[in-house]
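Student: Chain residues, written in single-letter form:
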Amino acid sequence: MKTDIILSGVGGQGILSIAAVIGEAAVHRNLYMKQAEVHGMSQRGGDVQSNLRISDKPIHSDLIAKGKADLILSLEPMEALRYLPYLSKEGWIVTNSTPFNNIPDYPESSDLQKALDAVPNKVILDIDSIAKELGSIRVSNIVMLGAATPFIGMDYEEIEKGIRRIFSRKGEDIVNMNLKALAAGKAVADSHMKH
Amino acid sequence: MDKLLLLGDEAIAQAALDAGLSGVYAYPGTPSTEITEYIQNTQKDKTENIHCRWSTNEKTAMEAALGMSFAGKRALVCMKCVGVNVCADPFINSAITGIVGGLVFVAADDPSMHSSQDEQDSRFYGNFAMVPILEPSSQQEAYDMVYNGFELSERCGVPVMLRIVTRLAHSRAGVVRRERKPQNELHYSKDPKQFMLLPAVARLKYKKLLESQKDYLEYAEESAYNHYTDGPDKSKGVVASGIAFNYLMENYPEGCPFPVLKIGQYPLPETKLRKMVTECKELVVVEEGYPFIEDQLKGLLGIGLTVHGKKDGWLPRAGELNPDIVGKAFGFELPETPALPEVVKNRPPSLCVGCGHRDMYDALNAAVHEKGEDSKVFGDIGCYTLGYLPPYKAIHSCVDMGASITMAKGASDAGLKYAVAVIGDSTFTHSGMTSLLDAVNENAPITVIISDNETTAMTGGQDSAGTGKIEAICLGLGVDPEHLKVLVPLKKNHDEMVETIRLEMNYRGLSVIIPRRECIQTASRKNKNK
Ligand SMILES: Cc1ncc(C[n+]2csc(CCOP(=O)(O)OP(=O)(O)O)c2C)c(N)n1
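Sequences listed follow chains Z and X, in order.
Those letters in the first sequence? Residues 1 to 195, by my numbering.
Those letters in the second sequence? Residues 196 to 725, by my numbering.
This is chain X alone, in the form it adopts within the complex:
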């Protein structure tokens, strides 16, 4: 078959297509976005009828994928690390209902937080849900794992998690494709109770999930992704998972002298680990993310031999690994290299010149500064989070999608006089609508600014679920039409904007202000394509 030069994300997408995918469900999020975009690009002619439109958030994505699986077809769900929190409810419960059509769940973690609020390790979620987890070390493995992952999911009867990290998602390498399989036919579970998680049914289903654990373990023991390579020097045994394995091998181009167990499929293969424990003096765990394998090996009371890893400082606990960090841990001297010259300054990201968020912040700052300490601005997640940085220094919080409105309300409940929320259009439909309903129901005296650039800009300009519907949504939720204001964020409208924000802040009930101007990146792309 042909060899393609693909990002890890693209390899996953191509594998899903080749494995008979019927639908991908996802909300954008770095580093997972390119999976869905790749599938969208192949589906422009719509002949294959593969679903690939963006979902409103990760929870709706997971639920729709489960629905597709209910109907017997193969579905892919993709999200970034924090997205897993948003869909944790359907994800955990989908392991209890089980699946019909194969379901592969891609969790893209971001160690070092290149573009995320945290560096949580999604393998814990896979473990928590008690489903098999796959962790590729290369783009080819990512392809193969997804290609076979649907089958594995159908064989196990539960979703299978594919856990990737930024460096795999956004790195390109040659990938050999396999033959294209047809989509599954529409078919349903033979068990009419399968998806009915009433306690009486759920108890039975849960028992079945517990019983299946030994099968998942057996598959992991047999899996070629859990590969044991013996080595002459038994002073150490190395357990290395995912791309951490590459950093190990980069330091040993002629082969590692210690026995190495490469982990690519969980639950952890006990028999192979036992061999290492019996034959080696101590163990070293090299893994990207939290000490997930390390914790399991150590347990509370240990396994009778030393296990080095992130908990005893052998490797750093925070941040992603790289060849230098792993090399140093194994006692290699770093080469002497020139220091970073002093002239090199940090270059943080910033709002584009001409961006509407800039005009919004200019006006907001003018209105807010009049109120001094009586006013706080709760931010949210998107390009406008950059309003925290100079020159604006405009927001005091950024926690999770939708939190701006609800935190403003909570602070207002506590007595903060002028609580303002700043949220983007895509974040508003992702998780802000329910927050707004809470504020409506108590007519909370807060000012909500929905800075609408009609796209999901931060992640590259994907369609935004609420475009053209934001006012209707607000009114539908019960926002007072008198206090729903739409503005055009342009320099020439500065005074009008300041005045509107000032008035609405002074109003002792809920108001929503929508500054709306298309993202300049999206607009210029549209112009180019014309």
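One chain only, chain Z, in its complex shape:
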């Protein structure tokens, strides 16, 4: 197997916590993994991305080539579109629908919607409201991850295990809350894919 994922968002949104769970799951399965992150200047409210590559064979480049990403997983809709040139023909965009508007020329929501409509394979969801319904806004990122689980190339149970291992230090309640968030995200993706 080989999955190339681009995680994107705005500095401070926490794309790296999503990457950490996938990474934990991948390493536990003895897969090869490379994950290039952005630290430094752009973490101050700029656009940030992480290239996450998982494979059962050794991986050369830390960066994903154009047209090769299987998945763009984004915490912000405009940031999902920024990496469109990297998405493969069969690739999926899974993105949060809520804009993070910290620039003066942020696009109109109708224009943004039009651009997203043009992408064939996509799951768009409002992670904050799903997380709120579950009772904790802090698990939004895991809702996001849940919606991406069908496209990561690992079994859902392995991602669940990754969550258990990463959050186990914080107690059983936190683990369960995150597992619920993961399931809620996955349910959205499943219903999208049926259509």
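Possibly wrong hints are sitting among the right ones.
[As the list claims (entries may be wrong)] Taking beta-carbon pairs under 7 Å as the criterion, some of the chain Z residues facing chain X (in silico):
#, residue
1, Gly23
2, Ser61
3, Leu63
4, Pro99
5, Ile103
6, Asp105
7, Leu112
8, Gln113
9, Ala115
[Said to hold, decoys possible] For lysine to any residue, the following SDA-like pairs were computed, each having C-alpha atoms within a straight-line distance of at most 20 Å:
#, chain 1, residue 1, chain 2, residue 2
10, Z, Lys57, X, Tyr447
11, Z, Lys2, X, Glu449
12, X, Lys725, Z, Arg169
13, Z, Lys66, X, Lys725
14, X, Lys198, Z, Ile174
15, X, Lys198, Z, Pro58
16, X, Lys721, Z, Arg44
[What the hints assert, rightly or not] Computed footprint of chain Z on chain X, listed as stretches where at least three residues anywhere in the stretch have a Cβ under 8 Å from a Cβ of chain Z:
#, region
17, 220-229
18, 510-524
What the hints contain is simulated information worked out from the structure, not anything from laboratory work.
Ideal placement from N, C-alpha and C gives every residue a C-beta, glycine not left out.
Dock chain X with the ligand against the given chain Z, drawing on the hints supplied.
Tutor: Showing chain X with the ligand alone in chain Z's frame:
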């Protein structure tokens, strides 16, 4: 041994710890910061007595590391590309004194300038100092090179440079650890003159360094990091160094048809290169940074066959490489991919909402705009450099750490009426104190604003060397207490701040204004940890 998932920076830190490190010396700088932070996180209980506190700048870091090496112990120095300029003096001279305890010098370059003022290539410094250079292509190699690097340094008798780039520093991969070695015992050089660079001694030491070059070459020839893989198609021979090698191989998943010489240790292995020159029709150099290998291969008059690289436009001269750029150079078609949608706009970094620098700039702009063209604001390096961007558009320069004060002074010397410098607290102690002394000694009519957020914010909130001491430092340097003003940058104090800045700008001597409020990121982190 166990396998860890580590950033390149963390792999370097773990390797140094495992190799018997006694101290890391560093000043923060992207992309090198996480090396020292990783070591700090392992040393919270202080049982191992490994030095890991931040240094005031790169020069003090390098000198302290050399001192630790003088005492026989193993030391690590880390910095970003431009930091090498700051410590060039001790670094170059440390090759002439040589070392006692192993010394590994990590230079983290930033091609594409993700977070830097330039994309200088530190391999030139290693070459200039005439020391061995290691250049890893993976996190595991970074680990192995550092783990063995201390030994190599002790064997060569000089510091060894490890040159990394952003994509290696900030990329995570599995790394297998090796057994932990004990620290060196305290011991000194048998040669009492070793560190005495008086001309008469230095001449001898320099001769020795020159003689050692053939040994360093021999080690590079034997090094497993300089690996020759033969290929059936001799129309090209490829020389690929560091992570550029990965971009090459990404394009040839089934193996490269051309012979490939992977470079990971310098000086360049001449024998292996000669084999390639003899057997191949032309050479291609793929390297991250400046055309360092390419220049050496071409020389002035060439080696009798074509060498493609960054100088003939085969690869772009500026910016970092990636699989697409390298693939295109080797004649691969890029797949057709959707263009970037027009709705996607640039999202530059910006000052955090609630940041004290914002209130400082609001007040400064109000005072400066009254003076029109008679006033210029010299900026410096840190979060407050973002004051260049809208809505503030407040500064006219950003060059190197400390330059704000000295450039303001120079412009004032030239006749600029109202010269203002804006500098952060960490940058002030890094390189602004000496600048301020120049201004004090001539009572230059400039206004220095030390925007003190009590941390080194831009690089992630490391301790700042001057916290709690800024006024004392200024007074100690001779700033007139009448013209040393401390303010609290908050909206409600706006008018008071404007008035103070206006008054001090009008004063025809040196004044220092210190707007002080803790960085909101640092403050909220402290709150969380409570
Ligand atoms: C010689 C050199 N070393 C390190 C850096 C990396 N660097 C850029 S900004 C910065 C922090 C500056 O801190 P401070 O002046 O306190 O400003 P703040 O970011 O806290 O506002 C550092 C360490 C650099 N650009 N140049």
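Student: Restraint: Pro99 of chain Z near chain X, CB-CB cut 7 Å. Satisfied or not?
Tutor: 11 Å, violated
Student: Is the hinted pair Lys198 of chain X and Ile174 of chain Z satisfied, with a Cα-Cα distance of at most 20 Å?
Tutor: 27 Å, violated
Student: Please count how many residues of the region 510-524 of chain X have a CB within 8 Å of a CB from chain Z and say whether that reaches 3.
Tutor: holds (count 4)
Student: Regarding the hint that Ala115 of chain Z lies at the interface with chain X, is the smallest CB-CB distance below 7 Å?
Tutor: OK, holds: Ala115 of chain Z within 7 Å of chain X, min 4 Å.
Student: With 7 Å as the cut and Cβ atoms as the points, is Gly23 of chain Z at the interface with chain X?
Tutor: 6 Å, holds
Student: Given Ile103 of chain Z was flagged as interface, is its beta-carbon under 7 Å from a beta-carbon of chain X?
Tutor: 6 Å, holds
Student: Given Asp105 of chain Z as an interface hint, is its Cβ closer than 7 Å to any Cβ of chain X?
Tutor: 5 Å, holds
Student: With the threshold set at 20 Å, check whether the alpha-carbon distance from Lys725 of chain X to Arg169 of chain Z stays at or below it.
Tutor: 18 Å, holds
Student: Answer holds if the nearest beta-carbon of chain X is closer than 7 Å to that of Ser61 of chain Z; otherwise answer violated.
Tutor: Status holds, d = 4 Å.
Student: Hey, Lys2 of chain Z versus Glu449 of chain X, does the alpha-carbon distance stay inside 20 Å?
Tutor: Status holds; Cα separation ~15 Å.
Student: May I ask you to test the interface hint for Leu63 of chain Z with respect to chain X, counting a Cβ-Cβ separation under 7 Å as satisfied?
Tutor: 5 Å, holds
Student: Do the numbers back the hint for Leu112 of chain Z, that is, is its least Cβ distance to chain X under 7 Å?
Tutor: 5 Å, holds
Hints 4, 8, 13 and 14, counting from the list given before, are not met by this structure.
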